[in-house]
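Participant: Counted the way our numbering counts, the sequence shown spans residues 98 to 253.
I should point out that these hints are in silico values taken from the structure, not numbers from a laboratory. Possibly wrong hints are sitting among the right ones.
Pairs of lysine-lysine residues, derived as DSS-like cross-links and limited to a Cα-Cα distance of at most 25 Å, are as follows [stated by the list, open to error]:
1. LYS120 to LYS140
2. LYS120 to LYS152
3. LYS123 to LYS140
4. LYS152 to LYS140
5. LYS120 to LYS143
6. LYS143 to LYS123
7. LYS123 to LYS152
8. LYS221 to LYS152
Distance windows between CB atoms, simulated [stated by the list, open to error]:
9. LYS120 to ASP229: 18 to 24 Å
10. PHE204 to LYS120: 17 to 23 Å
11. GLY217 to SER134: 30 to 36 Å
12. GLY159 to SER206: 32 to 38 Å
13. CYS222 to GLY156: 32 to 38 Å
14. PHE131 to PHE183: 39 to 45 Å
15. ALA211 to THR153: 32 to 38 Å
16. VAL207 to ALA148: 26 to 32 Å
17. PRO121 to VAL207: 42 to 48 Å
18. PHE204 to ASP147: 33 to 39 Å
19. GLY119 to HIS209: 15 to 21 Å
20. LYS123 to GLU213: 34 to 40 Å
21. GLY217 to SER132: 30 to 36 Å
In this text, a Cβ means the ideal position worked out from N, Cα and C, and glycines have one as well.
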Amino acid sequence: MRLTQQTNYAVRALMYCAANPGKPSKVAEIAASFSMSETHLFKIMKVLVDADLMKTIRGRNGGIVLPRPAEQISVGQVVRATEESFLLAECFDSGRQDCPLVNHCGFNSVLHEALEAFLGVLDKCTIADLADNRASIRHLLQIEDPLLPKNMAAAE
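Between the sequences and the hints, there should be enough to build the whole structure, so can you do that?
Facilitator: Right under this line is the structure:
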């Protein structure tokens, strides 16, 4: 199973927001932190907002925030929202009937079981788990610590 760049960026953006609680994050800042295209990230934000995995706040001090605590957002939810297809083999596509074994194939059954196990593991992991070491994430992504005065944060 290989996840798309869209899923990778979505998880990173959610981790960024989890490491920056209580303050709207700017898409431009997230994109710069991960050296990704702002335009591409805006498209991903739309997918996340539509799936209720991200919330936008309009206005001068707006940005994006998690719609609920990071502990309540599973990686499985993110993967399901951002991946367009889980066709591990041609026979997963119900529109394709070129294999005479499609409805009686052990391989198809094993792949379905593997996909369910894969998603099951991702469902057990939350964005909070991934962003567990917030201090290091904040440092590595150069996110200003809201608890430190601005002049002290700049000195670090």
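Participant: Check the hint pairing LYS120 with LYS140 against an upper bound of 25 Å on the C-alpha distance.
Facilitator: Answer holds: LYS120 to LYS140 is near 21 Å, not above 25 Å.
Participant: Has the hinted range 42 to 48 Å been met by the Cβ atoms of PRO121 and VAL207?
Facilitator: For VAL207 against PRO121, whose Cβ atoms are near 45 Å apart, the range 42 to 48 Å holds.
Participant: Hint check: LYS120 vs LYS152, CA-CA at most 25 Å. Holds or violated?
Facilitator: holds (12 Å)
Participant: Take the C-alpha atoms of LYS123 and LYS140, compute the straight-line distance between them, and say whether it is at most 25 Å.
Facilitator: Status holds; Cα separation ~14 Å.
Participant: Tell me if the straight-line CA distance from LYS123 to LYS152 falls inside 25 Å.
Facilitator: holds (12 Å)
Participant: Starting from the range 26 to 32 Å, see whether the pair VAL207 and ALA148 falls in it by beta-carbon distance.
Facilitator: At roughly 29 Å between Cβ atoms, ALA148 and VAL207 fall inside 26 to 32 Å, so the hint holds.
Participant: LYS221 and LYS152: Cα distance at most 25 Å?
Facilitator: Holds - the C-alpha atoms of LYS152 and LYS221 are around 23 Å apart, at most 25 Å.
Participant: Regarding GLY217 and SER134, is the given constraint of 30 to 36 Å on their beta-carbon distance met?
Facilitator: The hint (30 to 36 Å, Cβ to Cβ) holds, given that GLY217 and SER134 are roughly 32 Å apart.
Participant: Assuming the hint says 32 to 38 Å, is it satisfied by the Cβ distance from ALA211 to THR153 or not?
Facilitator: holds (36 Å)
Participant: Holds or violated: LYS120 and LYS143, Cα atoms, limit 25 Å.
Facilitator: holds (19 Å)
Participant: Note whether the CB distance of LYS123 and GLU213 lies within 34 to 40 Å or breaks it.
Facilitator: holds (37 Å)
Participant: I want to verify a distance hint. Is the separation of the beta carbons of PHE204 and ASP147 within 33 to 39 Å?
Facilitator: Holds: the Cβ-Cβ distance is about 34 Å, inside 33 to 39 Å.
The structure is inconsistent with the numbered hints 10, 12, 14 and 19, although it conforms to all the rest.
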